[in-house]
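Using the hints, position chain G against chain B.
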Amino acid sequence: MPRTSKRKAVPPSSASVKSPDSLSVRPGKAGAVKAVTKEVDRIDQLFDSYANKDLGLIDPEGVETLCSDMGVQHTDVRILMLAWKMKAKKQGYFSKDEWRTGLKALKVDNLEKFKKALPTLETEVMTPPNFEDFYAYAFKYCLTEEMQKCVDVETICELLNLVLGSQFCAQVDSITEYLKFQSDYRVLTMDQWVNFYRFCHEISFPDLHNYDSDQAWPLILDSFVEWLREKRK
Amino acid sequence: MLRELVKRWAIYKVLGRWLSHFFSYLDRYFIAQGNLPRLNEVGLTCFRDLITKEREGEQVDRALLRNVLDIFVAIGMGQMDQYENDFEAAFLKDTVAYYSQKASIWILEDSCPDYMLKAEKCLRREKDGVSLYLHSSTEAKLLEKIQHEFLSVYVTQLLEKDNSQCHALVRDDKVEDLSRMSGLLFYLSKNKERFRLLFKIPRGIEPVSSLFKQYVTAEVTALVKQAEDAASNKKAEKKDMVGLQEQVFVRKVIELHEKYQAYVNDYHTFHKALKEAFEVFNKGVAGSSSAELLATFCDNILKKGSSWKLSDEDIEETLEKVVKLLDYISDKDLFAEFYRKKLAQRLLFDKSANDDHERSILTKIKRKCGGQFTSKMERMVTDLTLTRENQTSFEEYLSNNSHANPGIDLTVTVLTTGFWPSYKSFDLNLPPELVKCVKVFREFYQTKTKHRKLTWIYSLGTCNISGKFEPKTMELIVTTYQASALLLFNSSDRLSYSDIMTELNLTDNDIVRLLHSLSCAKYKILNKEPNTKTISPTDYFEFNSKFTDKMRRIKILLPPVDEKKKVIEDVDKDRLYAIDASIVRVMKSRKVLGHQQLVMECVEQLGHMFKPNLKAIKKRIDDLITRDYLERDKDNPNLFRYLA
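Residue numbers (numbering that gives the first Met the number 0), protein chains in the order written: chain B, 0 to 232; chain G, 0 to 643.
Treat the hints with care, as some may be off.
Claimed, not checked - Reference excerpt, derived from the structure (chain G facing chain B, CB under 7 Å, subset only):
| no. | residue |
| --- | --- |
| 1 | H594 |
| 2 | Q596 |
| 3 | K617 |
| 4 | D621 |
| 5 | I624 |
| 6 | T625 |
| 7 | R640 |
Derived by calculation from the structure, the hints in this document are not laboratory data. Since this is a predicted model, take the numbers as computed values, not measurements. Think of the CB as a built atom: it goes at the ideal place given N, C-alpha and C, for glycine as much as any other residue.
Just chain B, same shape as in the assembly (with noise of 0.2 Å):
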């Protein structure tokens, strides 16, 4: 789960990311369809599993729990990927709603079936136009202050190794770079955030030829353009 400065830095351990390309939504289970209610209540049974007693929700230790038996390290995307799929509002934790809303998307009520779920997630997850969403999601869920806006650079580097790491490795150990060594910004918002993945997705790299500065990208990647081409020289 990506987290704020706290943890250690997350290489890209997103394992079997597939292409949107050779994508192939397998279907939901067939079979048994067991009752509502009966799903429902072994539903709220696995999320009082892992729930905090207290507070009513699966906080961080729950999530840990949940993730060594899910046989995943809690730094692993496809964690986000559920937040997602759950509409999760609080980094680190999940309400029962959430799990409900999470755990009936995927169809799923135990464990197996929630081991056996994440490939398909995955896919889902990484076909467009989810994955546009997925990823602007993925800033939002480090939003962890009302009224916030941005997200620190450190925080932002970490996360886009875990979300495009995979896909556009090269372009990404770029950018973390670039965004190290400069200082004019500190934080980072949603626009810059977006644009990062346009950047990725549309500029041929490492060449840059299509790139065009009198374009609406954002001032960072045109300063991150010039820096890069500057280093090449």
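Relative to the frame of chain B, chain G by itself:
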């Protein structure tokens, strides 16, 4: 109809006979009766040779030519197609070939003026010829072609011929010859309407005006280089200041501009060239922007004791010329700010030579740049008038309330915040005598207006102190800061740097500057221990009772802090707000706009004040997106939407 044809055919036969010694092959065509295209060819060839003959100066039967052409026209049965396609096109092609050949010879043989003369002659002759035997519609095209052959093709060579005779023409003020060249082009442009053209006159004039521009640019650049060279010889501590050299530079630029303005007035198309040439001036000299240079120049003219001893009329004229140069400065807002700062200095320290001139130049600037530029400055001048009235009331108040009188002559200038440049006010610890002054004025001011707050800016004040030195008593004119320091010595003989600093409650910077002016500069009012040239925090100071000077009254200068950086900073900050406002204004009215257009419109809107940095605009856009004024379109990231 057939009768007509036969009749004409008969004429042709006559023609054919007359010209048979040139056109023996005419017999071939004689046989092909009614073969219209062939007839045309005959006529054309006849015609062509006749024309050539005429051009070579031989006499030719023009009436004959006219008649031939009429046939062409008639053949077309009311439409010009036959005439144009068959005859005219070939004719023009021929003409082009003919003149092209001539031109290529003449360009090599003749000097520029001679070549131009010949070209002129040819054009005139052709024009005459046209009215005699060519169809009037040909005239325009004909002249255009010839002009092209003579001028457009060779124009660059023409103008660079013989080490640029054109250069020489302009430099030596030989307007006449230059006028011949552009006169020729002008003849053609003036007859625009008659020829209902698409005359490539701009292209004709262009090379001339481009040369003009090149020449003038070279002159301005030379001046800049001269000034830069002089500047690099300046002493290190004066590096940042605008000195005499720069002033001379500005004066020369003005003179240069006047000179070339004359040409521009005669030939309007040169106006643009002149403007572009003078844009070199915009870059400034040796670290001082052109905005600053101009502002300093104005200051020098307007202040008392100006080094240019100019009459009132001359001053007005010079100011007029200076304001004209404002056209070439893109950072007009920077100029305004420098000007305002210097105006403040002039007004506050009573350095302004003449109120009328001050107002006059403001009016001129206003006419050129708009009211927003000068509104603050005008209020500054007004403030001073009000201050004088205020002072009178204050003196009345003092005479009516003698107990309040501080025993010192006090003059207070009240500035309205916002119109004047912002000044930092430090909490100087005033000597008790001055404290009383401040108190009295405050009380007085309360009687006038209850709702205003007074903030005292001691850094701008001056004091006249009487110094009782052993040789003789002298009057010292000093700043309030200096006065406060000196008065400390009334109660102590010897003070350390830190004593003084504690007493006065000023910053190191200020203390160093002020002590330096009193102990290490021209007049040593204080003795310093050790007697070095610079101030250090371990120094000790004593009143120099032995000080004297031949004058009774001396002014001890406290050099002002260089405000250049602050001015530039302030202007940069204002620009950010201006860019913001402009972006919002544009988006509010357009609702949806592409990135490039948005940038373009902002640049245009702000152009009369300054040239916005494109990166700055982008940064403001980014910021406005974060502040939810704008958003990007979902499908097109280059499109912005205004969020109400």
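Go through the hint on G/K617 and say holds or violated, using the shortest Cβ distance to chain B against 7 Å.
Holds, because the Cβ-Cβ distance from G/K617 to chain B comes to roughly 4 Å (cut-off 7 Å).
Please check whether G/I624 passes as an interface residue: C-beta within 7 Å of a C-beta belonging to chain B.
Given a least distance of 5 Å, the restraint on G/I624 holds.
Closest C-beta approach of G/R640 to chain B relative to 7 Å, hint status
Violated: closest Cβ of chain B sits about 12 Å from G/R640, beyond 7 Å.
G/Q596 was flagged as interface toward chain B. Is the shortest Cβ-Cβ separation under 7 Å?
Not OK, violated: G/Q596 not within 7 Å of chain B, min 11 Å.
Close enough to count: is the Cβ of G/H594 nearer than 7 Å to one in chain B?
Since the shortest Cβ distance to chain B is 4 Å, the answer is holds.
Report holds or violated for the interface hint on G/D621, using the least CB-CB distance to chain B and a cut-off of 7 Å.
holds (5 Å)
May I ask you to test the interface hint for G/T625 with respect to chain B, counting a Cβ-Cβ separation under 7 Å as satisfied?
This hint holds: G/T625 lies near chain B, its Cβ roughly 5 Å from the closest one there, short of 7 Å.
The earlier numbered hints that this structure contradicts are 2, 7.
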